[in-house]
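Here are the chains, one letter per residue:
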Amino acid sequence: MSHQAQVDQVLLRPPRSLWRDAWRRLIANRLARLGMAISIFFIVVAILVPFAFPYDAKIDSDLVNQLMAPSSQHLMGTDEQGRDVLNRIAQGAQASLGVGLGAVSIAVVLGTLLGLVSGFAGKWIDLVMMFVMDILLAFPGLLLAIAVVALIGPGLRNSLLAISVVSIPVYARIARSTVLSLKEQEFVTAARCVGAPSQRILFRHVFPNSLSPILVQGTLGIATAILEIAALGFLGLGQQPPYPEWGAMLADSVKYLTSGAWWVLLFPGFAIMLTVLGFNLLGDGLRDALDPRLRID
Amino acid sequence: MLRYFIKRVFTVLPVLIGVSMLVFGFLRLIPGDPATVMLGERATPENIARVREQLGLNKPIYEQYFIFLGNALRGDLGTSVLRQEPVTQEIVRRFPATIELTLGAILVALVVGIPAGIISAVRRGSWFDTVSMLIALTGVSMPIFWLGLMLVFFFAVSLHVLPTGGRLEASSNFEPITNLLLLDSLLRGDFGTFLQALRHLALPAIALGTIPMAIIARMTRSAMLEVLSQDYIRTAHAKGLKERTVVIRHALRNAWLPVITVIGLQVGRLLSGAILTETVFSWPGIGRWLVDAIYTRDYPIVQGVTLFIAIVFVGVNLTVDLLYAWADPRIKFE
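Going down the list, the sequences are from chains A and B. One point on numbering: in this note's numbering, the residue at position 54 of the first sequence is 275, and numbering is uninterrupted. One point on numbering: in this note's numbering, the residue at position 88 of the second sequence is 90, and numbering is uninterrupted.
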C-alpha cells in the first residue's frame, strides 16, 4: 500500500468523539458494566412495577398472614400487616429511585447554573454565592437534610427538596472551578474577540467542559441521595405510612427484631445496598472512563 | 506558616456567623407562629405568650438575632420548651456519649482499614486484595442503620453475646465523672463497668465505623500502590532491605497524607451517622436527642444541637486542614 493510500485510510475512519471513546472504556470495564446493569434494573423496576401491578397501599393488608417466613407464595415473606415484602420492595423502588434521581437532577441543574454564573461573573456575585455555599457545606449533609425536613415537615416530596438543597453546593463548586480554570484560556479569549456574547461563551464553550466531572459526581450523588432518603424514611421523616419506602420498611421491622422475623429486616436493606452499590460502581466506572489520567490500574 | 494558620483561622469566622444566621433563621422560617406550632393547637393563650416571651419573639428580628448570637457566644443555646432544661447543659451531659461512640468508630475504621489497605496494595491481585476490596465496596454502599439492625439481630437477639443497646445495663448504678464511660470506669478502678461499657460500645462502633473503614481501606490501598511503584522503593528493595521495612518505613510514610485527609473528611459522615446509630442502639448522645426533639417539635433543642454540630464540624475540618499543612512541608501556602 502506498503511503498516500495509508493516509487516506486513516482519514476515512469515522471520527471518534470524546464521548464515544469514553463509552468504549466504560463498556470495557467489568465492574462498571455490573453497576450499569444493577442501576438500569432498579430504574426499570421503579418505572414498570407500579404501572404493571397497580398497588393501593391503603387497602393492602392480610391479617391472616402476618409475619410469614419466606415461602413459595411470598418469596420474601410478609410483614406485620401480612403484606408481601417482595411486592412492597418493588413498589418502594419508585420512592427511592424517584427521589434519588429527582433530587440529583434538581441539584445538578441549580448547582451548575449557580457555579457557572458565579465563576464567570466573579467579583461580589462570586463572593456572595460561594459564601452561601460554604455555609451550607458547614453542616454534615444528613444533618442539614434532617433540619430542613424538620422545618418544612416530613414526607417524600419534602425529603426530595431537602436532599437537593443539601447537594447543590457540590455541583456549584465543580462548575465554578471549571469556569475559573477555563476563563483565561485562549479559546475563550478567541470567542470573546470574535464578539460572542457572554451567555454563548458560558454555555457553548465553558459548560461542556464541566459536564464530565458533573456526570461522575451526579452518578455517585444518586447513590448518596438514595442512602439519605432511606435514612430520612428510617427516622420517620421521609415517606409516611402506609406507602412503601425501603428506609421506612426497615423502621417498621425494628419492632419485630426480637421475634426473629429476619426477612422484614434483611430484604429492604439489601435492596438499598444493591441499588447504591450499582450507582457507586457506575460512577467509579464513569470517572475512569471519562478521565483516563486518573486510572490507577 | 504561622501566617497561614492565622489566616486560615480567620476565614472560618464569617462562615460561623453565616451558620449562626441560618440556624437562627431556622426557627423563624417555620410557617405560622413558632410558639403555636411547638405547643399545638390546644395550648392556652398564657402558655403561648410564655413561650413567645421565652423565645423573644416579641422583639424586632435583628434584635432577636443579636440576642441569640450573644447568648450563643456566652454558651447559652436556649431552653427546651417541653422540659425547661437549658439546652447547653444537656449537650454537655450527652456529648461525651457521642464522642465515645465516634472515637470507637474511628478506632474500628483505622485498626481494620489501614492494615487491610496496606496488605491489599502489597499483595495486589491476591485473593486477600479481591475479597477486602469487595467488602470495602459493599461497605460504602450500606445504610448504616441497616447494618446496625443486622448486628443487633445477629449478635444480640440471636446469639445473645452482646447487648441490644444503651451504654450500660439498666441495673448499673455507676456514677459517671466525665460521662466518657470507658475513661470514668478506669478512673474509678471499676473494671466490671469498663467491660460492660466496652460490650455496649462494640456493636454501635462497628456499625458507625464500617463506612469510614471501607473508604480508608480503599484510600490506603491506592495511596500505597502509587508510592510502591516509585523508584526509591525499588532502590530500597535493591539495597536488600526487608519487605517489612520497605513497606512500613519507606512506603507508608509517604502514603499517609491522602489517608489523613480522608480520615478528616469522614468526620462529617461520622457526625451524621451518629444520629442514625444512636437511634438504632438507644445510645443517649446528642444525635438521638435531636431526633427525639424533632418528633416533639422542641425547636430550641433542634436549633441548639444543629448549631453545636455545625461548629464541631467546622472546627474539626479546620484542625485537619492545619494538621495537613503542618504534616506536609511540600504544601505551599498562598
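Any given hint might turn out to be false.
Partial chain A-side listing against chain B, Cβ under 7 Å, derived [what the hints assert, rightly or not]: (1) VAL285; (2) MET289; (3) ALA359; (4) LEU372; (5) LEU448; (6) PHE455; (7) LEU478.
Treat the hints as calculated values from the structure; they're not laboratory data. We put the beta carbon where it would ideally sit given N, CA and C, even for glycine.
Evaluation of the provided hints:
Given hint, VAL285 (chain A) at the interface with chain B, is violated; its Cβ is 26 Å from that chain's nearest Cβ, farther than 7 Å. At about 18 Å, the closest approach between the beta carbon of MET289 (chain A) and any beta carbon in chain B exceeds 7 Å, and the interface hint on this residue is violated. Using the Cβ-Cβ criterion of 7 Å, the hint placing ALA359 (chain A) at the interface with chain B is satisfied: the shortest such distance is roughly 5 Å. At a threshold of 7 Å, the smallest CB-CB gap from LEU372 (chain A) to chain B is about 6 Å, leaving the interface hint in force.
Because the closest C-beta pair between LEU448 (chain A) and chain B is about 6 Å apart, less than 7 Å, the hint holds. Because the beta carbon of PHE455 (chain A) sits about 5 Å from the nearest beta carbon in chain B, less than 7 Å, this interface hint is met. Given the 7 Å rule on beta carbons, the hint for LEU478 (chain A) holds: about 6 Å separates it from the nearest Cβ of chain B.
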